[in-house]
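Undergrad: Read off the chains here:
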Amino acid sequence: MIDFSSPRHRHKLGYLLVAPALILMALIIVYPIVMSVDISFQDVKIARIGVDRKPWTFENYEWLFTSAKFYQSLWVTIKLLLVVGGAALAIGFATALLVNQKFKGRALARLLVALPWAVPEVVAVVIWAWMLDSSFGVLNWVLLSSGIVSKPIAFASDPVAAFASICFVMIWKGYPFICIMLLAGLQSIPEEQYQAASVDGANVFQRFLHVTIPNMLPVLGVAFIMTALWVFRDFAIIFVLTEGGPIGSTTSLAIMTFEESFKFFRMGQGSAVGVITLIICALLSRALVSRFAKSVN
Amino acid sequence: MKLSKFFGRFSLYATVITLCAVLLFPVYWMILTALSPASELRAYPPNFLPSAPQWSVFTELLANHPFDVWFLNSLKIAVVVMIISLTVSVLAAYALSRFRMRGAQSMGLFILTAKMLPGTLIIIPFFVIFRSAGLIGSLWSVIIAQATMIIPFTTWMLKGYFDTIPNELEQAALVDGCSPIGSIFRIILPISAPGLAATSLYSFVISWSDFLFARTFVVTSDSLWTLNLGISSLKGEFVTDWNIVMAASLMTSIPIIIVFLFLERYMVGGLAAGSEK
Numbered sequence: 320m321i322d323f324s325s326p327r328h329r330h331k332l333g334y335l336l337v338a339p340a341l342i343l344m345a346l347i348i349v350y351p352i353v354m355s356v357d358i359s360f361q362d363v364k365i366a367r368i369g370v371d372r373k374p375w376t377f378e379n380y381e382w383l384f385t386s387a388k389f390y391q392s393l394w395v396t397i398k399l400l401l402v403v404g405g406a407a408l409a410i411g412f413a414t415a416l417l418v419n420q421k422f423k424g425r426a427l428a429r430l431l432v433a434l435p436w437a438v439p440e441v442v443a444v445v446i447w448a449w450m451l452d453s454s455f456g457v458l459n460w461v462l463l464s465s466g467i468v469s470k471p472i473a474f475a476s477d478p479v480a481a482f483a484s485i486c487f488v489m490i491w492k493g494y495p496f497i498c499i500m501l502l503a504g505l506q507s508i509p510e511e512q513y514q515a516a517s518v519d520g521a522n523v524f525q526r527f528l529h530v531t532i533p534n535m536l537p538v539l540g541v542a543f544i545m546t547a548l549w550v551f552r553d554f555a556i557i558f559v560l561t562e563g564g565p566i567g568s569t570t571s572l573a574i575m576t577f578e579e580s581f582k583f584f585r586m587g588q589g590s591a592v593g594v595i596t597l598i599i600c601a602l603l604s605r606a607l608v609s610r611f612a613k614s615v616n
Numbered sequence: 258m259k260l261s262k263f264f265g266r267f268s269l270y271a272t273v274i275t276l277c278a279v280l281l282f283p284v285y286w287m288i289l290t291a292l293s294p295a296s297e298l299r300a301y302p303p304n305f306l307p308s309a310p311q312w313s314v315f316t317e318l319l320a321n322h323p324f325d326v327w328f329l330n331s332l333k334i335a336v337v338v339m340i341i342s343l344t345v346s347v348l349a350a351y352a353l354s355r356f357r358m359r360g361a362q363s364m365g366l367f368i369l370t371a372k373m374l375p376g377t378l379i380i381i382p383f384f385v386i387f388r389s390a391g392l393i394g395s396l397w398s399v400i401i402a403q404a405t406m407i408i409p410f411t412t413w414m415l416k417g418y419f420d421t422i423p424n425e426l427e428q429a430a431l432v433d434g435c436s437p438i439g440s441i442f443r444i445i446l447p448i449s450a451p452g453l454a455a456t457s458l459y460s461f462v463i464s465w466s467d468f469l470f471a472r473t474f475v476v477t478s479d480s481l482w483t484l485n486l487g488i489s490s491l492k493g494e495f496v497t498d499w500n501i502v503m504a505a506s507l508m509t510s511i512p513i514i515i516v517f518l519f520l521e522r523y524m525v526g527g528l529a530a531g532s533e534k
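Residue numbers (the working numbering), protein chains in the order written: chain A, 320 to 616; chain B, 258 to 534.
Isolated chain A, as found in the complex (with noise of 0.2 angstroms):
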């Protein structure tokens, strides 16, 4: 038995507590992906370990690059991506600013508007599907009673509206996440810097303008990015709101990927579209990785 307590033994002791989560994260992470990587050169229908190894090809991703689909599906993602970044940070930004406020019932509010970030997503799902019903539905009442539309929107089958009523859920779902991250952000500027502001003879809006700004302007980032990651790879929402239909409008990279794979059971096709969003998610995130590195040291 190892003492240890001794300071000659106490380092072994960080590798012990730490293997078990490397084991898992090698046995569960590395090796997939290395797997995948390799499924995904092969002309392989449904993937074994071990039985028949097919030799590489480049088929999979000759096929990807030539394939309407597959550009049809990065241009939804990229607007999914725009939008709902976009509102999802607007709306997040604003709630965070707004709780940010001395108030009675702060931290009720504070409660109440990170709350749809708890709501499962297929539960998120199932409400707007509700509320976007085209026949009864809550939202169609309320712009045909204000005027806006003169007949009720079909958001399940028309393509327009059913790219827009997976942007419905998804901001709803992703801005409580943002104001969470933005709220710290809020609360880590320094008072004095607004005090020497106001001493200035700054306004809020010019205090808003040179003191919030530029310190959120890292945190702001790095939430777009999370936000993007999120809707590169989200699944639940679109696959049960509208299996990526009608005729592919919402057909994410993601989607793709399942349905390539579990679908049609294409995996080395499936395996190819899901290393192409793994490239894009890993561009997209280099600027997170100096900070994550220097937050784990």
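Hints are supplied without guarantee of correctness; some may be wrong.
Said to hold, decoys possible - Below, simulated DSS-like cross-link-like pairs (lysine-lysine); rule was C-alpha separation at most 27 angstroms, straight line:
| # | chain 1 | residue 1 | chain 2 | residue 2 |
| --- | --- | --- | --- | --- |
| 1 | A | 582 | A | 388 |
| 2 | B | 372 | A | 398 |
| 3 | A | 423 | B | 492 |
| 4 | B | 492 | A | 470 |
| 5 | A | 582 | B | 372 |
| 6 | B | 262 | A | 421 |
| 7 | B | 333 | B | 492 |
| 8 | B | 262 | A | 582 |
No wet-lab data here; the hints were simulated from the structure.
Model the placement of chain B on the given structure of chain A, informed by the hints.
TA: Frame of chain A; chain B shown alone:
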């Protein structure tokens, strides 16, 4: 001056209340629909205020759908995932926080990779691995998959929390004859209760909300369906009984909302500790 201050306060409260009302309307609508009689759901204009609540919707839900089975499966998964991810990440986070280790930097890379991994990509090798291990059609496949995705982030959250605890506390304990492992349990964990709470909440919320893993690994055996699979199947039916769907959604949301109400302040603190540094 007094008057303008009053109006300032007033408009602040008005904005906060309006904002909360708009943002939480979907939750209100779920509750209202669940408790409305089916006939009222087609009313035009819709009823925005509750009439007599129809509690029978829950007995109807239990009678016509195996809701209790779904609920139990979800609960089993969430609890086991929470225990596994908390145990593993407490040890790892403590080590990362207290020991200078070679390769600690790669932990940051792991966390980031796990955060970037598209779930729909990782389920392909998971499916292949679980199939050869005979775990497809077992709740363990879902549990293992979820724990994997959760542990990197919980480790990072906890490490941020442990970093705020001064090292002197444990050293004092060591001097008093406490073993290094003992000092984790006697000193660090009691102080870190808020961090542990935030981590458990995070784990619980993520695994309770899972759809992808359940949809891929256990969809073919009805007896293993989770709440989210069940609810999505209710919506899929040709004619949707929205009050039933909303009742199921409400029952699914309640445990998580209760957990959230109790632990939200720790959660915000925990996320902040993780994201700020």
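Undergrad: Of all the hints numbered above, which does this structure not satisfy? Sort the numbers upward.
TA: Hints 3 and 8 not satisfied by this model.
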